[in-house]
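A.B. asks: Fit chain B to the given chain A structure using the hints.
Protein chains: 2
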Amino acid sequence: MTATVHTLRPGREPSIKALMNLTAPGLNAVNHVILDRMQSPVALIPELAGHLIAGGGKRLRPMLTLGCASVLGYEGNRHFKLAAAVEFIHTATLLHDDVVDASGLRRGKVTANALYGNPASVLVGDFLFSRAFELMVEDGSLRVLKILSRASAVIAEGEVAQLTAQRDVSTTEDRYLEIITAKTAALFAAACQIAAVVAERDEKVEEALASYGRYLGIAFQLVDDAIDYVSDAETMGKNAGDDFRDGKITLPVILAYARGNEDEREFWRRAMSGRANGVAELARAGELLRSTNAVADTMARARHYGQRAIDVLAGFPKSPARDALTETVEFAIARAY
Amino acid sequence: MTATVHTLRPGREPSIKALMNLTAPGLNAVNHVILDRMQSPVALIPELAGHLIAGGGKRLRPMLTLGCASVLGYEGNRHFKLAAAVEFIHTATLLHDDVVDASGLRRGKVTANALYGNPASVLVGDFLFSRAFELMVEDGSLRVLKILSRASAVIAEGEVAQLTAQRDVSTTEDRYLEIITAKTAALFAAACQIAAVVAERDEKVEEALASYGRYLGIAFQLVDDAIDYVSDAETMGKNAGDDFRDGKITLPVILAYARGNEDEREFWRRAMSGRANGVAELARAGELLRSTNAVADTMARARHYGQRAIDVLAGFPKSPARDALTETVEFAIARAY
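The listed protein sequences correspond, in order, to chains A and B. Residue numbers are given in my numbering: position 264 of the first sequence equals residue 264, and the series is strictly consecutive. If you count the second sequence from 1, you need to add 1000 to reach my numbering.
Since the hints were derived computationally from the structure, they do not count as laboratory data. The structure displayed is predicted, hence computed values, not measured ones. For each residue, glycine too, the CB sits at the ideal point set by N, CA and C. Treat the hints loosely; a few may be bogus.
Taking beta-carbon pairs under 8 Å as the criterion, some of the chain A residues facing chain B (in silico) [what the hints assert, rightly or not]:
1. VAL42
2. VAL99
3. LEU115
4. PRO119
5. VAL122
6. VAL124
7. PHE127
8. ARG131
9. PHE133
10. LEU145
11. ALA153
12. GLU157
13. GLU159
14. ASP246
Next comes chain A alone, as it looks inside the complex:
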């Protein structure tokens, strides 16, 4: 009963390169805006922001804005500033997330909060967030401002909801889906939707692109949450088992808990509460996740949402841009292996 994503080119490894090639010239312009607008007379701001912004981010969300604009045949340049605004919002949430999670590694690098301290990370996050709104105001579209201010509020709600659910093994799959739809997929959706606004297309087109982004974002987060249990720091760019140690309730744990016997459930309660979550417990967690098929089925859920993202795209005329967005979904899912 697992969904299968219908790949464009069976047998070939899906790659983010199609989207990178499609959006390369535009992304240059976006990077120019990003570097220009993260400057400040207060030297610590570009220094800290640069650590994260220059430091290995794929610019996935700005590429989605550019790719969606391309699907619509938009040839203007308004979306460069707006894609930069999206990346600033994303960077601000990463800076604050790392403070919230007390993380030490991100994308294989020491985090900003570990290097510069929590206070600077909180405040530079606030700065980038404000800068994002300044960029949107310069563009002048109230519709874009509405979409991105709403997305920002939803992201924060999702993060607080995640905090509330932390260490609570009774979290349901529905609740988990609500949380990741808010904290991750809302910005993917907004990044795609604003392309329809600059291309001056109607709300149906806006909604279709928002759906593509939302489903891609959900798939992306599901895969991330699976990877946390099957990968190592080198592949993943963060510490393996971070979610386990933080007591973060993700779908693999929810499924393993729901499918476990009473002895196994007690193990998860103790582990997620932080009472027993060392190396030996992480190994046992891995065994339980395998024996209950929890990671494999998390990936099946990811394929389901990935397929929905691809099916939304079918409503747009076939084009290299549409193919690149399709392959991006396949890539998001194939990352796990």
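C.D. replies: Only chain B this time, still in chain A's reference frame:
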């Protein structure tokens, strides 16, 4: 050579009540928006936000928006949402400030971060900040959005600059003024300026009200920084000597350091670096601040800026609203005694 504020009613204690009475009906409407828009299905958000928003704030900044609108004879209701947005931005910065400073008391109450933890305070701050922009988008004025997104970026820059200057006794008075103009006065200025936008007055009027707010904000912060060395927790609503213990470089310290002999400067260096800042050192700091006139002259600087705020108001026709804004300046300065 100290400036004297020309009080409206010599011999009478200046009070915030004139502004409170003037703006009471409007403030009711603002409070309604605030309570309505801090709600969220995620229960922790209104709980934590309510701790600060319901908890003894004077709503000074929203009252300034309302008071300035009143000076201009504006009789619409657009400013209610915008004044609520200003209060949300202020509350978000307070939540983040308390995390940055690791504060335990604010307005005489245990701080949100002490009660709910830093992660929740960071994220609920982000939520309120996003909500503020949603409120502005609903109003629909790009001019207001520009003023408040700019102010938000400037506030964050000021906070980071303050962090950079922390424990550095060589901070100059000019640098200190830049920092407080950004971190405190920018939002006072914006709160006043947006009243001119909703009243559809020209940029000269906008600039005059922004100046009034900026000078009032500078005076307000100078007095706060003086109070930190002369008051107790009960009067002040926060712990006395907090700035001293945190190594926060404020004007009293800058003046005492500049005017001190080498022995005294060494004392300040050790104290501000955190190497020697206990009860005995706080007592000696108090003596040095008195012997160098540092607190008294900080108050003189506050009166100078207060007078400039009052002189800007002289450009507007005499009215009960103008009198209330004038008395607010006198009140801001008289708080210290």
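A.B. asks: Against each hint, give a clear statement of whether it holds in the structure.
C.D. replies: A quick look at each hint next to the structure:
no.: 1; hint: VAL42; in the structure: 5 Å, holds
no.: 2; hint: VAL99; in the structure: 6 Å, holds
no.: 3; hint: LEU115; in the structure: 14 Å, violated
no.: 4; hint: PRO119; in the structure: 4 Å, holds
no.: 5; hint: VAL122; in the structure: 5 Å, holds
no.: 6; hint: VAL124; in the structure: 6 Å, holds
no.: 7; hint: PHE127; in the structure: 4 Å, holds
no.: 8; hint: ARG131; in the structure: 6 Å, holds
no.: 9; hint: PHE133; in the structure: 4 Å, holds
no.: 10; hint: LEU145; in the structure: 5 Å, holds
no.: 11; hint: ALA153; in the structure: 4 Å, holds
no.: 12; hint: GLU157; in the structure: 5 Å, holds
no.: 13; hint: GLU159; in the structure: 5 Å, holds
no.: 14; hint: ASP246; in the structure: 11 Å, violated
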